[in-house]
Amino acid sequence: GAGVSQSPSNKVTEKGKDVELRCDPISGHTALYWYRQRLGQGLEFLIYFQGNSAPDKSGLPSDRFSAERTGESVSTLTIQRTQQEDSAVYLCASSFLAGGPLADTQYFGPGTRLTVL
Amino acid sequence: GENVEQHPSTLSVQEGDSAVIKCTYSDSASNYFPWYKQELGKRPQLIIDIRSNVGEKKDQRIAVTLNKTAKHFSLHITETQPEDSAVYFCAAQDTGRRALTFGSGTRLQVQP
Chain A
481 GAGVSQSPSN KVTEKGKDVE LRCDPISGHT ALYWYRQRLG QGLEFLIYFQ
531 GNSAPDKSGL PSDRFSAERT GESVSTLTIQ RTQQEDSAVY LCASSFLAGG
581 PLADTQYFGP GTRLTVL
Chain B
225 GENVEQHPST LSVQEGDSAV IKCTYSDSAS NYFPWYKQEL GKRPQLIIDI
275 RSNVGEKKDQ RIAVTLNKTA KHFSLHITET QPEDSAVYFC AAQDTGRRAL
325 TFGSGTRLQV QP
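Residue numbers (our numbering), protein chains in the order written: chain A, 481 to 597; chain B, 225 to 336.
Check before you lean on any hint, since a few could be wrong.
Subject to a maximum C-alpha distance of 20 Å in a straight line, what follows is the list of computed SDA-like cross-link-like pairs (lysine to any residue) [stated by the list, open to error]:
{"no.": "1", "chain 1": "B", "residue 1": "266", "chain 2": "A", "residue 2": "593"}
{"no.": "2", "chain 1": "B", "residue 1": "261", "chain 2": "A", "residue 2": "584"}
{"no.": "3", "chain 1": "B", "residue 1": "266", "chain 2": "B", "residue 2": "333"}
{"no.": "4", "chain 1": "B", "residue 1": "266", "chain 2": "A", "residue 2": "490"}
{"no.": "5", "chain 1": "B", "residue 1": "282", "chain 2": "B", "residue 2": "244"}
{"no.": "6", "chain 1": "B", "residue 1": "266", "chain 2": "A", "residue 2": "487"}
{"no.": "7", "chain 1": "B", "residue 1": "266", "chain 2": "A", "residue 2": "568"}
{"no.": "8", "chain 1": "B", "residue 1": "261", "chain 2": "B", "residue 2": "281"}
{"no.": "9", "chain 1": "B", "residue 1": "246", "chain 2": "B", "residue 2": "279"}
The set of hints was computed from the structure by calculation and includes no laboratory data.
Whenever a hint applies, use it, and build me the whole structure from the sequences.
Now the structure itself:
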């Protein structure tokens, strides 16, 4: 079946502009995560959605970052007034049965490479 | 919050040799420990994971060990092949926070 998809694959923008990144999770996956990966570094958690529960926004680095998810489907990550330090690959992951007694496996999308000039 | 340390940052081995990557974590509530392989420009791919109720898990040439008392876990790759060359990330997840906390990665180079 289809995996996690993200769009666009690459985005180049000018400092100060807003950008919107999209994630389509695996069908049926109730949990969705956004991570950021700077060049040569590990993945940093940004935000987590689980069903209709309030999202865990504890990883968002500033109030310029926000995300939405419609039900258990598509999510968008918005970065307002982009800065050069926002340049990174933004990865989305989804998983099934989050919240159950066992931890769930996260499947990653291909990422969106954001470059802020 | 959780903190995951990963060593070494780079590892070069000869084809056929074994490779070991080690991680430590700080939150004793963590109970799930996946390992991801990331090739250049590609998405992270899960290669093996272990939960806190077991001490070791194997899948062909790959094995992971977990020591909950010491709060460390390790990835072992035997009979390495050039296609094993990639960056490997360990991660930890606790029951209270679903997000994964990742290590900083190990760049493995297998020399043919």
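Now for the hints, and whether the structure bears them out:
1. B:266 - A:593: Holds, because 11 Å separates the two Cα atoms, which is no more than 20 Å.
2. B:261 - A:584: Since the Cα atoms of residue 261 (chain B) and residue 584 (chain A) sit roughly 18 Å apart, the hinted pair holds (cutoff 20 Å).
3. B:266 - B:333: Between residue 266 (chain B) and residue 333 (chain B) the Cα gap is close to 17 Å, so the pair holds against 20 Å.
4. B:266 - A:490: holds, 13 Å
5. B:282 - B:244: At roughly 14 Å apart (the allowed maximum being 20 Å), residue 244 (chain B) and residue 282 (chain B) satisfy the hint.
6. B:266 - A:487: The given pair, whose Cα atoms are some 15 Å apart, holds under the 20 Å limit.
7. B:266 - A:568: holds, 14 Å
8. B:261 - B:281: This hinted pair holds, its Cα atoms lying about 17 Å apart.
9. B:246 - B:279: Satisfied, since the Cα-Cα distance of roughly 15 Å is no more than 20 Å.
Of the numbered hints listed earlier, not one is contradicted by the structure.
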